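Novice: Take the given structure of chain A and dock chains B, C and D to it, following the hints.
Number of protein chains: 4
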Amino acid sequence: MLNALIVGASGYAGAELATYLNRHPEVNLATLAVSAKSEDAGKLLSDLYPQLKGRIDLALHGMTDPQALAEQHDVVFLATAHEVSHDLAPIFLSAGCTVFDLSGAYRVNDPEFYTNYYGFTHQHTDWLAKAVYGLAEWQAEKIQTAQLIAVPGCYPTAAQLALKPLLDRQLLNTDFWPVINATSGVSGAGRKASLKTSLCEVSLQPYGIFTHRHQPEIATHLGTPVIFTPHLGDFPRGISETITCQLTQTLSREEIAAIFHQAYDGQPLVRIYDEGVPALKSVVGLPYCDIGFAVEGQYLILVSVEDNLLKGAASQAVQCLNIRFNFSSTLSLL
Amino acid sequence: MLNALIVGASGYAGAELATYLNRHPEVNLATLAVSAKSEDAGKLLSDLYPQLKGRIDLALHGMTDPQALAEQHDVVFLATAHEVSHDLAPIFLSAGCTVFDLSGAYRVNDPEFYTNYYGFTHQHTDWLAKAVYGLAEWQAEKIQTAQLIAVPGCYPTAAQLALKPLLDRQLLNTDFWPVINATSGVSGAGRKASLKTSLCEVSLQPYGIFTHRHQPEIATHLGTPVIFTPHLGDFPRGISETITCQLTQTLSREEIAAIFHQAYDGQPLVRIYDEGVPALKSVVGLPYCDIGFAVEGQYLILVSVEDNLLKGAASQAVQCLNIRFNFSSTLSLL
Amino acid sequence: MLNALIVGASGYAGAELATYLNRHPEVNLATLAVSAKSEDAGKLLSDLYPQLKGRIDLALHGMTDPQALAEQHDVVFLATAHEVSHDLAPIFLSAGCTVFDLSGAYRVNDPEFYTNYYGFTHQHTDWLAKAVYGLAEWQAEKIQTAQLIAVPGCYPTAAQLALKPLLDRQLLNTDFWPVINATSGVSGAGRKASLKTSLCEVSLQPYGIFTHRHQPEIATHLGTPVIFTPHLGDFPRGISETITCQLTQTLSREEIAAIFHQAYDGQPLVRIYDEGVPALKSVVGLPYCDIGFAVEGQYLILVSVEDNLLKGAASQAVQCLNIRFNFSSTLSLL
Amino acid sequence: MLNALIVGASGYAGAELATYLNRHPEVNLATLAVSAKSEDAGKLLSDLYPQLKGRIDLALHGMTDPQALAEQHDVVFLATAHEVSHDLAPIFLSAGCTVFDLSGAYRVNDPEFYTNYYGFTHQHTDWLAKAVYGLAEWQAEKIQTAQLIAVPGCYPTAAQLALKPLLDRQLLNTDFWPVINATSGVSGAGRKASLKTSLCEVSLQPYGIFTHRHQPEIATHLGTPVIFTPHLGDFPRGISETITCQLTQTLSREEIAAIFHQAYDGQPLVRIYDEGVPALKSVVGLPYCDIGFAVEGQYLILVSVEDNLLKGAASQAVQCLNIRFNFSSTLSLL
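Protein chains in written order, with full-length UniProt numbering: chain A, 1 to 334; chain B, 1 to 334; chain C, 1 to 334; chain D, 1 to 334.
Keep in mind the hints are simulated off the structure, nothing from the lab.
Just so we're clear, the structure is a prediction, and the values are computed from it rather than from any experiment.
A hint or two may mislead.
No copy labels: a pair is met if it fits in one copy or bridges any two.
Stated by the list, open to error - With a cut-off of at most 30 Å between alpha-carbon atoms, the simulated BS3-like pairs for lysine-lysine come out as follows:
id : residue 1 : residue 2
1  : K130      : K43
2  : K130      : K164
3  : K130      : K142
4  : K142      : K164
5  : K43       : K196
6  : K37       : K192
7  : K192      : K142
8  : K37       : K196
9  : K142      : K196
10 : K192      : K130
Same shape as in the complex, but just chain A:
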């Protein structure tokens, strides 16, 4: 039985983590922590999320001594901002905990990445070098021996799962940068008061064009540049990505399907559509990434959908835990 700590448990991804870990047969969800300065410290998680009433009535611990917490837990999930994860992860790692970081702080091993795209100098390059990128379907071997798993960003998960099988076989013309148009639910902005996420104000709109940090994360891990345009949708959860790319050779629908099946058959949390393309609702509340496509001549359009809080955050983190500790990969997820 693994003793688990979630830091940042009051956020949307944190609450989803709590739900999965609470029902996980190999995990004891011991502590839910938030910043000691948070106004939520001392409340029950179910005060914030009444749907959890009677299910997870644990109090939110206002964390003052991470060192002490480290000693009491085997596994730590950081559902925190990247600055916070950057500072906290080494404390837990040094104490021997296995850390699953849901922030961007350890996703790319090259420290330059942080100077260039996050605007700070990474202070823990030793841990950064050892961090394993937790794209679960592609990194299982590395995850099994990792102590620090950097769970991918929400947009990058859906994009990479769709593009990797083709890129790895050199089937995409990388001179035609894949055009990734992605639309995310409002929960992607986090649980906080903001006029921008007000029901009266939200309206479909691109944002962060050419500047979103997930663009270099995708490009770095795929090893090829992409054009990534995120949009804020007017729904609470889920991400849908429509990816336009160019093939290096003519491929039939069947040939492309076969490539995806070869990549993902045996991977229960990626579902391939042989016909049609997935709708967002197919994955909302579920730990899947669903992938469909259409092809016409040299052009291929991929459609990849996931729940931004689940396969794009919490469920992928638990999937990594399952892989890391040799549990069934879908344990507590389905």
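Specialist: The following block gives chains B, C and D in isolation, referenced to the frame of chain A:
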């Protein structure tokens, strides 16, 4: 041509007022003001409301000297919190402006009302005594000679328009307190950052049960107690009220319809449904209050819908202006 | 292991039943049936509900011989229209199956009820007399020995769970008929093409005022008349009911809470709010009924919320199955 | 005063046309027609659209004799399916009416277009040759003398208004086909019962990938191929298009803005964003197309939004009427 000032123009009702007054042929929309401390001061109204781009590109004036503004305007609309209206109205009134106050500060002539339900001692009881309640269809005569018009609350407008024709004829058993269940769009909470109005958090829920200030406003103006339960709906605009009451005598559907037609025929902004009951969408974005009903034995159920920002605020204020200055009552509204 | 059949599996409640039964450790979900004339016959359930892809890829059997099906199954869930349930239930019952009927066909033992409110003469009064009303928290003893369990309607479940603890103790003045204002999600109208449920057309609106069949269902089972006004909400799932009633004696908030706790402590699927009232989102996708209240003098306002497809249909049916076969009452539900 | 007829007045675009024409000072909205077989024939338009109650209480005429109608009207708006427009337009044109066709039947002068993309042989190639494409901002001169104006499709309007200023100056690399990702509100599917547009079923999803008829319409009128991927959004109205293209030369943000201003200054219904990109809400319910952009190296991303029923249909048709008859181009629109 009337020179008009809107104070609180950055809010949802303020922006609707600006839209109506901007196209009003007898009004010059001279100044949009906000609190000098507002972070919106200096911005264009169309920066906040991009739908107004090219239509109302007026700057939001950070008000420091209301006295000076008073001298430059003939009519003033206060789309401000009741504490602000309470203090500002006398300044504009003393300078001779006609004031349309959309807050609760002057809606009931009895100062005790404020002590009891608003928790403060009213400081301007002379103006309070002279204020006219702007329930447009019922107060036209008084509005025509008023200097201070207190525009009714959103919930009270829909409730009173439905109940008054029956109460005035003693057709309702007042021992059975009318049960008013009302659901409002999120815009009723105003334009401000709040977790409560986040698209991810909003969910149909009653609030302010037995304690909402619109309950005594309705009861006082109707002269009879009511049970008023407001709900927050998961849509941006509109109010739907379902009112259960008991008749003092058996009345047919046709008799009830006739009573409503007698009350409102000739009133273009109240529409009576001879069959069925109105849906919210019938009035969203429009200056109407729509009323329908069903009767069974001694019980009568009234359904009254309006746009909370329009007939429940801005359009009723402009309707009062039209009445006050002898314009057609729907000028600029339809 | 119980062999289970769902008739009407293509509908919203049917698909929820399939999800619960598919993961139920004591049930083998053997057959999903639909009308032989349905255009869905032959499709996979996951063709209709892509979220079930890879989870429930069972084909929808176009039923031509219910007799033959009866012999192959132990338990039958009828998620069908009341006319269909009326005819089918006896076939399965005669073959010895235990039947859980989600329609209105067997909810009231008195045949007159059907003549009066459903407009037909009940043809199976013997089975009707034996049917047990499946309001799970209140009928456990009878359910344990029943062969035909008539699962309550969605609205009646939420209303009765809120009112019964008070009515049973004679704490409500029944001369003041409880005023039940209820708002349901669009899924309550079923899965079918209709302009009324189009995203472009749906808008908060009362319907079936004084005429909805759930009014006599509630009144009959509570033994007291009620005024029931259902509304169509603009959301997919969930029911929120706001019930205004009059107490026979003054009761404090604490006294009322104690009454509810006495009724439901030990019942894991009814959650009582000691403070505040529940929002709809607290129960969407979950098998709970959440109840809160506010009291002021002689008036009590109850707020009761549930997922119309779950506690109002599918999860309550499975709860009845669990009770009937002596499984834990929440097995497969939480 | 022009006597106007709308055929297909019961649909969403038809009702918007009726609203504009009803308040148009130079138009007498004489007749609203629907198919004689329509179940809406004989109803009032306000029976279908209660928001129009008291404003447009005209009956829907079940059309049996278009010839006779032709003689009674000066201008005819066809808000009908393309097959219907194809057959009806010549009847009205021969009688001397000016026809504004909102369907695809006359949008491309080359009859081959219909063989290739609509699957039928055009029977009225004489009228087809004379038809003028009503992209209002670009075709004013031709519209002024046209008898048949083919109002552009909803998607093509937003796409062309964004791309034409750049393409006309050879600033886009046409070897890199512009990637148009567009999301439309559900009203684009028309007013009819369909499971696909049910509030319970709608969910963000691409459709018609590589096969939507608006792709060749855009490509033909722009004179360059494009990749067009439409999506069904989960909102009632509006279209947002995100267009990724490649510049032939480096251009600064200011240079691009200047090109758009040169194209559209003086065109009140196209609004250019010098900073940021537009959100959908900026245009819902309004007759504008709003255009913004972002540039990075050789890549340019254009964002173009409009109300699909207005600038994408009804308001552009009225704009064409205004141009055709020398009225102010925004008459009755703003």
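Novice: Work down the list of hints and note, for each, if the structure agrees.
Specialist: Outcome of the hint check:
no., hint, result
1, K130 x K43, "neither (36 Å within a copy, 49 Å between copies)"
2, K130 x K164, "within (23 Å within a copy, 51 Å between copies)"
3, K130 x K142, "within (10 Å within a copy, 62 Å between copies)"
4, K142 x K164, "within (17 Å within a copy, 50 Å between copies)"
5, K43 x K196, "both (26 Å within a copy, 17 Å between copies)"
6, K37 x K192, "both (15 Å within a copy, 23 Å between copies)"
7, K192 x K142, "neither (35 Å within a copy, 47 Å between copies)"
8, K37 x K196, "both (24 Å within a copy, 21 Å between copies)"
9, K142 x K196, "neither (39 Å within a copy, 42 Å between copies)"
10, K192 x K130, "neither (33 Å within a copy, 44 Å between copies)"
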